[in-house]
Amino acid sequence: MTALNEIVKGESLEATLKPVSRMDLIKYSGSSGDFNPIHTIDDEAKKAGLPGIIAHGMWTMGNLSKLFTPYYAEGFIKDYNIRFSGMVFLEDVLTLKAELVDKIEQSLIFDVKAINQHQKDVVKGKVIFELY
Amino acid sequence: MYKEYIGHTSKKVANVVERELVRRFAESIGDNHPIYIDEETGKQSRYGANIAPPTFPRVFRSGSIEGLKLPLKGLIHGEQIYHYERPLIVGEEVFCYSKIEDYYEKEGSTGKMGFLKMKRYGEDSNGQIIFTEESITIITETVRRSLNV
Chain S
0 MTALNEIVKG ESLEATLKPV SRMDLIKYSG SSGDFNPIHT IDDEAKKAGL
50 PGIIAHGMWT MGNLSKLFTP YYAEGFIKDY NIRFSGMVFL EDVLTLKAEL
100 VDKIEQSLIF DVKAINQHQK DVVKGKVIFE LY
Chain R
0 MYKEYIGHTS KKVANVVERE LVRRFAESIG DNHPIYIDEE TGKQSRYGAN
50 IAPPTFPRVF RSGSIEGLKL PLKGLIHGEQ IYHYERPLIV GEEVFCYSKI
100 EDYYEKEGST GKMGFLKMKR YGEDSNGQII FTEESITIIT ETVRRSLNV
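Protein chains in written order, with numbering that gives the first Met the number 0: chain S, 0 to 131; chain R, 0 to 148.
Quick caveat, the hints were computed from the structure, so don't treat them as lab data. Some hints here could point you the wrong way.
In silico BS3-like pairs for lysine-lysine, Cα to Cα no more than 27 angstroms straight-line [claimed, not checked]:
#1 K42/R / K72/R
#2 K72/R / K45/S
#3 K123/S / K10/R
#4 K46/S / K68/R
#5 K123/S / K11/R
Quick look at which bits of chain R chain S covers, simulated, 3 or more residues with Cβ under 8 angstroms [as the list claims (entries may be wrong)]:
#6 9-15
#7 93-103
#8 120-128
Simulated restraints, written as ranges between beta carbons of each label pair [what the hints assert, rightly or not]:
#9 S124/R / A47/S: 27 to 35 angstroms
#10 I25/S / E38/R: 25 to 33 angstroms
#11 H7/R / E5/S: 43 to 51 angstroms
#12 P70/R / E5/S: 45 to 53 angstroms
#13 E38/R / E73/S: 30 to 38 angstroms
#14 E5/S / K111/R: 32 to 40 angstroms
#15 E84/R / H117/S: 23 to 31 angstroms
#16 S84/S / E39/R: 33 to 41 angstroms
#17 I5/R / G48/S: 28 to 36 angstroms
Glycine residues also receive a C-beta, built at the ideal position from the N, C-alpha and C atoms.
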């Protein structure tokens, strides 16, 4: 594993997730305490005008931050901003991406996003990783 | 009307960064890294203990803002913004409260939409900020009408 402070502008961290399953969302409902049924129960999602259950935006945001976890000895996520731009449905395959766009003193600035199998952004934002 | 709540805060609530909750949370976002879960890895780290993932504060309680009513359904989560002074450490006590930062309306394709900016603050036992967590929630015209706000 390369150290995070050795990567150069334009380089990315990347990971692809397994297809989204109902169990993923049931587990996240339990661990986060967000039991809004549009994330787990088909009928409730339909009643809300959705074609099917959708992932919690925070589930996707939570997944995205794991690109940085292996580098915990080098620093920490100081700022993490996300705009939720698309819905995530069951069986969607998300790719997580963090591209280094700038380096200012101890701050590594990344453009981060999760895209689905149709190459559409579902969450998009920035991470500032502060080096020790 | 949500505008009149701008600047209102909730009372501070004490929370503990519980080991078992951190483990489950980390697993549920597919991030079973030993820095969150394995005690030995935590002890060997610069923190001397395990830490929590950055989006973990969702689990904390921060009290309610007196009088503020939010619909249970029909809210859209627009944005989420975290700022950390340092990671959260497993076992520590965190004091949380919420504040209504802003409320504004914008004309959209489905009518006038409301944007509610709420910010949560997490402090250590000395009152030093550990993190802030800001959420922008979108309230559609249909939902606003049904609430009469």
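For each hint, the structure was consulted:
For the hint linking K42/R to K72/R, the alpha-carbon distance of about 43 angstroms lies beyond 27 angstroms, and the restraint is violated. Simply put, K72/R and K45/S have alpha-carbon atoms about 13 angstroms apart, close enough for the 27 angstroms limit, and the pair holds. Between K123/S and K10/R the CA atoms are separated by roughly 32 angstroms; this puts the pair beyond 27 angstroms, and the hint is violated. For the proposed pair K46/S and K68/R, the alpha carbon gap of about 22 angstroms is at most 27 angstroms, so the pair holds.
A C-alpha spacing of about 31 angstroms is found between K123/S and K11/R, which places the hinted pair above 27 angstroms, so the restraint is violated. Coverage of the segment 9-15 of chain R by chain S is violated. Counting CB-CB distances below 8 angstroms, 0 residues qualify, and the rule asks for three or more. Residues of the segment 93-103 of chain R lying with their CB closer than 8 angstroms to a CB of chain S number 0, which falls below the three-residue condition for coverage. Figure legend: the segment 120-128 of chain R, annotated as covered by chain S; annotation inconsistent (0 residues with Cβ-Cβ distances under 8 angstroms, at least 3 required).
Separated by about 41 angstroms at the C-beta atoms, S124/R and A47/S break the suggested range of 27 to 35 angstroms. Hint check: I25/S to E38/R, Cβ distance near 28 angstroms, so the stated range 25 to 33 angstroms holds. The given range of 43 to 51 angstroms is respected by H7/R and E5/S, whose C-beta atoms sit roughly 47 angstroms from each other. A C-beta distance of roughly 48 angstroms is found between P70/R and E5/S, which places it inside the suggested range of 45 to 53 angstroms.
Against the hinted window of 30 to 38 angstroms, the Cβ-Cβ separation of E38/R and E73/S comes to about 21 angstroms, which falls outside the hint. Distance hint for E5/S and K111/R: a CB-CB separation of about 50 angstroms, inconsistent with the stated range 32 to 40 angstroms. As the Cβ distance of E84/R to H117/S is approximately 38 angstroms, the hint placing it in 23 to 31 angstroms is violated. Separation of S84/S from E39/R is about 40 angstroms and conforms to the stated range, judged on CB atoms against 33 to 41 angstroms.
For the pair I5/R and G48/S, the beta carbons lie near 30 angstroms from each other, so the given range of 28 to 36 angstroms is met.
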